[in-house]
Amino acid sequence: MTGVRSTGGWIIACSFLLAFLATSVPLSGWLGRFWPDWVAMVLIYWCLALPYRIGIGTGWLVGLLVDVGRGALLGQHALAFATLAYLTVQTHRRIRVLPPWRQAVSVLMFLLLKQFLVFWISGVIGYPPRDGWYLAPAVGGMIGWPLLFVILRDARRYFQVT
Amino acid sequence: MAALKPSRRIHYLFTVNPTATLQLGLWVALSIAMMTVDHRYHALDGARDVLATALYPLQYLARLPTDLQNWLSANFAGRAVLLEENAQLREKQVFLNAQLQKLTTLEAENRRLRSLLESAVNTPERVLIAELLAVDFDPYRHHILLNRGRQHGVHVGQPALDQQGVIGQIVRTDPLTATAILITDPNHALPIQVNRTGARTLALGTGNFQELELPHIPNNEDVKVGDLLVTSGMGGRFPRGYPVGTVAKVEFDPGSPFAHIVAKPVAQLDRIREVLLLENAPDAAQPATPTPP
Chain A
1 MTGVRSTGGW IIACSFLLAF LATSVPLSGW LGRFWPDWVA MVLIYWCLAL
51 PYRIGIGTGW LVGLLVDVGR GALLGQHALA FATLAYLTVQ THRRIRVLPP
101 WRQAVSVLMF LLLKQFLVFW ISGVIGYPPR DGWYLAPAVG GMIGWPLLFV
151 ILRDARRYFQ VT
Chain B
1 MAALKPSRRI HYLFTVNPTA TLQLGLWVAL SIAMMTVDHR YHALDGARDV
51 LATALYPLQY LARLPTDLQN WLSANFAGRA VLLEENAQLR EKQVFLNAQL
101 QKLTTLEAEN RRLRSLLESA VNTPERVLIA ELLAVDFDPY RHHILLNRGR
151 QHGVHVGQPA LDQQGVIGQI VRTDPLTATA ILITDPNHAL PIQVNRTGAR
201 TLALGTGNFQ ELELPHIPNN EDVKVGDLLV TSGMGGRFPR GYPVGTVAKV
251 EFDPGSPFAH IVAKPVAQLD RIREVLLLEN APDAAQPATP TPP
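So the sequences go chain by chain: A and B. Just so you know, we're using this note's numbering here: the first sequence kicks off at 1 and counts up by one. Just so you know, we're using this note's numbering here: the second sequence kicks off at 1 and counts up by one.
Just so you know, the hints here were simulated from the structure itself, not pulled from any lab data. Some hints here could point you the wrong way.
Here are the computed distance ranges between Cβ atoms for each label pair [stated by the list, open to error]: (1) A/PRO146 x B/ASN75: 21 to 27 angstroms; (2) B/ASN75 x A/LEU135: 40 to 46 angstroms; (3) A/LEU61 x B/THR197: 51 to 57 angstroms; (4) A/LEU18 x B/ASN219: 52 to 58 angstroms; (5) A/LEU18 x B/GLU109: 56 to 62 angstroms; (6) A/PRO146 x B/PRO257: 56 to 62 angstroms; (7) A/PRO100 x B/LEU26: 28 to 34 angstroms; (8) A/LEU61 x B/ALA87: 53 to 59 angstroms.
Bear in mind the structure is a predicted one, so any value in this text is a computation, not a measurement. Every residue, glycine too, gets a C-beta built ideally from N, C-alpha and C.
Model the full assembly from the supplied sequences, consistent with the hints where possible.
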């Protein structure tokens, strides 16, 4: 990164902001059950696209803000998102070459792990999940991934985020 | 720009970040430390206050689509629909006014009788109206975020109601927002009384918006499906006599000492919009007042 200026930070910030808003939309029924965590997916995208710029630290910070926004334990999503960013950055070379629909499988694995971590911590503080539905947003994330990927890729190219 | 690109590419193609695992370890350790401090000692409330205030505009923004939809449906409703609604409301108001008249006399009588008995007087309570900002994303944790906070005089332990009955209580306050725990949260227990018989028990949350569990009611106790449950005022948090739920299922198991009783909350906890926060109830100031036999 020596001497190379990073550009388009505001696009990254905006994408996280929009993802936070999208995740907060109160939905009911099936859509609400499978409604993915868009913030986690946007984080995965930027870790894949700009692994030298967006990584564990950013993931942790975003997770902390999510914790505050959701009224969760401070550090709960921070831990999960840092782990998510770590996994994505470590494997980004293998995943990035795949077409979006095949990337979705890896994304599903990452999101399942993230859900597991978040709910594991919830279980420790006395809110164990009552059934398997807490994993449903990860499946929703897999379905939504190709769409999100195309949108963010086009945004990244258009605004030349490097 | 174009000339710079190759150097960037070389930079990250051939460099494996050697400290990534170490970094992860540090961040995870920091998270665990923070969670412990937050959960056990509540020492991070100041930091949370600052962040929550910074995030408030965002949460407000997230609510905008819902608000907009409400505004649109309110402004573009058909004339006939509005007229009908108006007529309905008028009818309801007449009905409620009639009830209110009765209530005024009853309240006066109650006060007179209570003063005769020299017991605590139930003065009217002050009420603060708050709107729902967000719902907890964790489907098993029934916490809601309200748009009133310490600045508006909200404090921890304040009972929250809606038009139908008790919904929960405040567990955390930030400068501009407050978090309430619902009575159906698995970690919430509410002291209640069966209105018909006066039998006292607790209403435990189950994590399901439609279910409350009533433990420790003996098999021979007189509880029927449809019985109204009201707050008993024990514990000093909730004032006495607010409706909580109705008994939905009673199962007597001869093998166990207690009946299995499930109640349904009267408040519609999964579609809350406005919440009434009671100012500290006079009953709460005197939790030791014995209930007359």
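Quick rundown of the hints versus the structure:
The hinted range of 21 to 27 angstroms is not satisfied by A/PRO146 and B/ASN75, whose Cβ atoms lie roughly 38 angstroms apart. With their beta carbons about 41 angstroms apart, B/ASN75 and A/LEU135 fall inside the hinted range of 40 to 46 angstroms. Evaluation of the 51 to 57 angstroms hint for A/LEU61 and B/THR197 yields a pass: the beta carbon distance comes to about 56 angstroms. Checked against the hint of 52 to 58 angstroms, the pair A/LEU18 and B/ASN219 passes, with Cβ atoms roughly 56 angstroms apart.
Checked against the hint of 56 to 62 angstroms, the C-beta distance between A/LEU18 and B/GLU109 comes to roughly 59 angstroms, which is consistent with it. Between A/PRO146 and B/PRO257 the beta carbons are some 57 angstroms apart, a value that agrees with the proposed interval 56 to 62 angstroms. In this structure, A/PRO100 and B/LEU26 meet the distance hint of 28 to 34 angstroms, their C-beta atoms being roughly 33 angstroms apart. Separated by about 55 angstroms at the C-beta atoms, A/LEU61 and B/ALA87 satisfy the suggested range of 53 to 59 angstroms.
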